[in-house]
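Protein chains in written order, with the numbering used here: chain A, 1 to 113; chain B, 1001 to 1114.
Don't read these hints as lab results, they were simulated from the structure.
For clarity, every value in this text was computed on a predicted model and none was experimentally measured.
The beta carbon of each residue, even a glycine, is placed where N, CA and C say it ideally should be.
Do not take every clue at face value.
To be verified - DSS-like cross-link-like pairs, simulated, lysine-lysine; straight-line CA separation at most 30 angstroms:
no. : chain 1 : residue 1 : chain 2 : residue 2
1   : A       : K77       : B       : K1044
2   : A       : K77       : B       : K1078
3   : B       : K1044     : B       : K1078
4   : A       : K60       : B       : K1041
5   : A       : K56       : A       : K68
6   : A       : K60       : A       : K77
7   : A       : K49       : B       : K1051
8   : A       : K68       : B       : K1041
9   : B       : K1044     : A       : K52
10  : A       : K68       : B       : K1044
11  : A       : K52       : B       : K1054
12  : B       : K1051     : B       : K1078
13  : B       : K1054     : B       : K1044
14  : B       : K1015     : A       : K56
15  : A       : K56       : B       : K1041
16  : B       : K1015     : A       : K49
17  : A       : K77       : A       : K56
18  : A       : K49       : A       : K60
19  : B       : K1078     : B       : K1015
20  : A       : K49       : B       : K1044
Stated by the list, open to error - One side only, chain A facing chain B, incomplete, derived with CB under 10 angstroms:
no. : residue
21  : Q6
22  : M7
23  : Y30
24  : Q38
25  : G41
26  : E42
27  : F62
28  : S93
29  : G99
30  : T102
31  : F103
32  : G104
33  : Q105
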Amino acid sequence: GDSVTQMEGPVTLSEEACLTINCTYTATGYPSLFWYVQYPGEGLQLLLKATKADDKGSNKGFEATYRKETTSFHLEKGSVQVSDSAVYFCALSGGTSYGKLTFGQGTILTVHP
Amino acid sequence: EAGVTQFPSHSVIEKGQTVTLRCDPISGHDNLYWYRRVMGKEIKFLLHFVKESKQDESGMPNNRFLAERTGGTYSTLKVQPAELEDSGVYFCASSPSYRSSEQYFGPGTRLTVT
Chain A
1 GDSVTQMEGP VTLSEEACLT INCTYTATGY PSLFWYVQYP GEGLQLLLKA
51 TKADDKGSNK GFEATYRKET TSFHLEKGSV QVSDSAVYFC ALSGGTSYGK
101 LTFGQGTILT VHP
Chain B
1001 EAGVTQFPSH SVIEKGQTVT LRCDPISGHD NLYWYRRVMG KEIKFLLHFV
1051 KESKQDESGM PNNRFLAERT GGTYSTLKVQ PAELEDSGVY FCASSPSYRS
1101 SEQYFGPGTR LTVT
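From just these sequences and the hints, can you work out the full model?
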């Protein structure tokens, strides 16, 4: 079946540091890929998405590129802020998971001033 | 436009008791999903409704879980009897179409079984 693997957390950074959270996937067909974010006390929000190979999703300074050759969708940001502290989830839909989302285990990011 | 709402936000029950979680999707969204996150692990799919019909319930862990969506509006997820391993955060999400690439999530219900 489909699966998503995220880098182990938690990740602790200082403000303005660079961020990379690795995500790789296993799926048949051509899944869509997502990053969701959960801020403290809130529900999951879609951060960005990419629906086909080589697409780049971007939002709020975050970027991720759909790499089919390496089955990856790494999340990056050049300069993090304290307000970026949250839990980040990589997910896919499609493949054999048509309609439903398959998530990674989540990565806790804490940014210190 | 109101988002997805879930009730209660937190429930603490004893093993063997019954709990019912409720989800109100975004108005007009035919697709409704339930997910669960247990003890900091990955969020796992439970089931998918299209209107009032169960499209996919392959993620339901066992027959102690019963989901309904009468009239194709709000949905309930009942756990009876609850076990310790049922503790976790239960998320509901909705989307206008299963082909939609975005699902809108509620804030979740944190269930603690003692």
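For the restraint on M7(A), tell me whether the closest CB of chain B is nearer than 10 angstroms. Violated, because the Cβ-Cβ distance from M7(A) to chain B comes to roughly 13 angstroms (cut-off 10 angstroms).
Per the CB criterion, is T102(A) less than 10 angstroms away from chain B? holds, 7 angstroms
Once the shortest beta carbon distance from F62(A) to chain B is found, is it less than 10 angstroms? violated, 16 angstroms
Assess, step by step, whether the Cα of K68(A) is no farther than 30 angstroms from the Cα of K1044(B), and give holds or violated. Given pair K68(A), K1044(B) holds - Cα atoms ~24 angstroms apart, limit 30 angstroms.
Keeping to a limit of 30 angstroms between CA atoms, is the pair of K1054(B) and K1044(B) held or broken? Distance ~17 angstroms between K1054(B) and K1044(B) Cα, so the pair holds.
Evaluation of the interface hint that places G104(A) against chain B, nearest CB under 10 angstroms: holds, 6 angstroms
30 angstroms Cα cutoff - pair K1015(B), K49(A): It is violated: about 40 angstroms lies between the C-alpha atoms, which goes past 30 angstroms.
Holds or violated: K60(A) to K1041(B), with C-alpha atoms at most 30 angstroms apart: holds, 26 angstroms
Does the alpha-carbon distance linking K1015(B) and K56(A) stay inside the 30 angstroms limit? Violated. K1015(B) to K56(A) sits at ~47 angstroms, over the 30 angstroms cutoff.
Going straight from one Cα to the other, do K49(A) and K1051(B) come out at no more than 30 angstroms? holds, 26 angstroms
Straight-line Cα separation of K49(A) and K1044(B) no greater than 30 angstroms? Measuring from Cα to Cα gives roughly 19 angstroms; hence the hint holds.
Are the Cα atoms of K56(A) and K1041(B) separated by 30 angstroms or less? holds, 27 angstroms
In terms of the numbered hints stated before, the structure departs from hints 2, 14, 16, 22, 23 and 27, listed from lowest to highest.
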